[in-house]
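K.L.:
Chains as they are written, first to last, in full-length UniProt numbering: chain A, 1 to 409; chain B, 1 to 337.
No wet-lab data here; the hints were simulated from the structure. All values reported here derive from a predicted model rather than from experimental measurement. For each residue, glycine too, the CB sits at the ideal point set by N, CA and C. Be aware that one or more of the hints could be misleading.
[To be verified] Derived CB-CB ranges, DEER-like: (1) A:Gly408 to B:Lys47: 50 to 56 Å; (2) A:Asp203 to B:Pro208: 29 to 35 Å; (3) A:His329 to B:Asp21: 31 to 37 Å; (4) B:Phe124 to A:Ser315: 49 to 55 Å; (5) B:Ala325 to A:Ile246: 53 to 59 Å.
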Amino acid sequence: MPDKTRLQLYIPKPQARPGEPVNFDGLVVPEAGSVRRPDPLGCEADMRDMPFSLVRVLDEGGHAVGPWAPDVSPDLLRKGLRAMLQTRLFDDKLFRLQRQGKTSFYMKSTGEEAIGAAQSLMLGQGDMCFPTYRVLSWLMARDYPLINLVNQLFSNEKDPLKGRQLPVLYSARDYGFYSLSGNLGSRFGHAVGWAMASAYRNDDKIALGYVGEGTTAEGDFHEALTFAGVYHAPAILCVTNNQWAISTFAGIANPRDTTFAAKAIGYGIPGLRVDGNDFLAVCAATQWAAERAHANLGSTLIEFFTYRAAGHSTSDDPTKYRPVDEPVHWPLGDPIVRLKTHLITIGEWDEARHDALTAELTEEINAAVREGEAVGTLGKSKPPVAEMFEGVFKEPDWRVIEQRKELGI
Amino acid sequence: MASMNMIQALNNALDITLASDPDTLIFGEDVGYFGGVFRVTDKLQEKHGLTRCFDAPISEGGIIAAAIGMGAYGLRPVVEIQFADYILPAYDQLVSEAARLRYRSGGEFWAPLTVRSPYGGGIFGGQTHSQSPEAIFAHITGLKTVIPSNPYDAKGLLIAAIECDDPVVFLEPKRIYNGPFDGRPDQAMKTWAGHKDAEVPEGHYTVPLGKAAITRPGSEVTVLAYGTMVHVALSAIEESGLDAELIDLRSIVPLDIDTIVASVKKTGRCVIVHEASRFSGFGAELSALIQERCFYHLKAPIGRVCGWDTPYPHAFEWDYFPGPARIIRALNSAMEN
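Work the whole structure out from these sequences, hints included.
P.N.:
Below you can see the structure in the form of structure tokens.
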């Protein structure tokens, strides 16, 4: 018997820490237009190369190229740009307001705006998204009233969630936006169940589920994909791989030589890996997966490859665990700049219109904030305390009635 | 009326619900083609179709998550967890999602699901086929927990649970699926045949959630029990010769506090009986509520007869199970003061 080698526990490390030069070596970014587009009605077994490529449409010059270039109108692209810009400006404004103590907490989605905005515009009004806390652009693309967001963030008297929920954890049923919760991944399976229900009713609606790459390590992710695969649930299941789960780099959630999209293979559903900063690629992949779902061929797992340009939340300082200039060196760029460049390239946009839109959106956001501040910021206004006792059950039971009286209400 | 055991009564409740409400569907491990490991879903797939009653992957978290999503869509799912001992992988879904959905969404979404699960001991089930986890659900705001003790209630409570717009954990005492059990394992097995509560109407009816039943009226001491322990307590009361009032809680949440308080104020004494282990068991909540509301009527300390604070053992089944002898001791002790 040969001598046994002493074992060593392997702990993955990111390629660069604070003070070290940014290092994206080994990150393979294929040319836009270079990846094949399989027939969405084709056989899953014939698509198992897809999770290891990266679907990209917009080239360096802002041209839409290759088989994935979607058939979308300039109007839709301008709506998308508007939603992304609105999200970015809103995030910046609310981040500052948190620093002023007007809300207790905020989370930006900087750099990831293309994903929610494009998917919101590609899916139907009756479809339902099961979001993470970083998909504000879905609501922006559907013209969700800014004042509702502001009131929720201030937990004031007009908060649509009646002061019960942490800021950012919105719920907007009429806008296809399922109730958020702080628990990571626990709604991924709800998306699958919702999709199964649509199929059970012979409806034509589909569900969209989101998790971040860190959350793929939760059991819920495995459970949801098992159900999605087994029952051919008409759902689009998305992993937003923004490289960071708070301070933890993506390599802690998945071994380096595979991809998050590749997890689809084991569950028997197609996996696509898509440039998440390419608005057109997000549109195209969503359209592809929706066509497949509508044809009763079930779910698709899409990994959106992107980068969390901002801190995890207002409680986080990313300079403590990654190089300070890492975001600006991200090879896939900024989704807003890339779509803006494309629209200018095709003659459907210009700098003056962009500046005017920025000014218009800034004023809309400032007006909503002023309106919300007039109602009250955190601690200055709140819904009636009786709301604390409502909604535990459909009808309150004796315990909450008694406890409400104990509080003198 | 038909004579049914508890399995047949539950099956009948599901059959009636599937027939009357197209938004109701059933899934869980082995519930489809096979009809369930305890036969509760027997022939439902054959009768109502593949999409109405189907098999699920062995994934308790996945089952409850899918049911919550279906509920958000507008269906009324009834899912089975094969043993209550195996509900824990779905605990996060029940606690963090089903129980909170209505509250956290300001009423935009809710979870009208029913989670059926066989529970309780007395069957040599050992550690993972015997547990009584009702207290860990009772502590969760937003969940209802229901436990029947006979075929009539089982059917009526199950239909009421399914029709309820709140999430309900429906625990079925598997020891009494086939017949009442009085806690005397050395005696011959009884069936439900001839028992007054085994006469079950064939059509639709409900037993309201949140209403206890007075199984035996009495004047000297109040006994609170549910599930299998209702029968064990009744047998103990009869042997004791005391005029005890036996209350079958039926619902853990919502709790019928009025019936309990009225009884204890009348008798001045109370013994609580449950299979689950004692420390932080549901008996502790009952005891506290009674102490708060009936303090000046109490003539003796409130007694608790429970499982021991150990995992549920195999060889020591009848040393662990709170049988008639221990209940009689507690009754006599309550009467001594």
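K.L.:
It remains to establish, for every hint, whether it holds in the given structure.
P.N.:
Structure-based check of all given hints:
1. A:Gly408 to B:Lys47: 50 to 56 Å: Given about 55 Å between the Cβ atoms, the range holds.
2. A:Asp203 to B:Pro208: 29 to 35 Å: holds (33 Å)
3. A:His329 to B:Asp21: 31 to 37 Å: With a Cβ separation near 58 Å, A:His329 and B:Asp21 fall outside 31 to 37 Å, so the hint is violated.
4. B:Phe124 to A:Ser315: 49 to 55 Å: Taking Cβ atoms as reference, B:Phe124 and A:Ser315 lie about 52 Å apart, which means the hint holds.
5. B:Ala325 to A:Ile246: 53 to 59 Å: With Cβ atoms ~57 Å apart, the hint holds.
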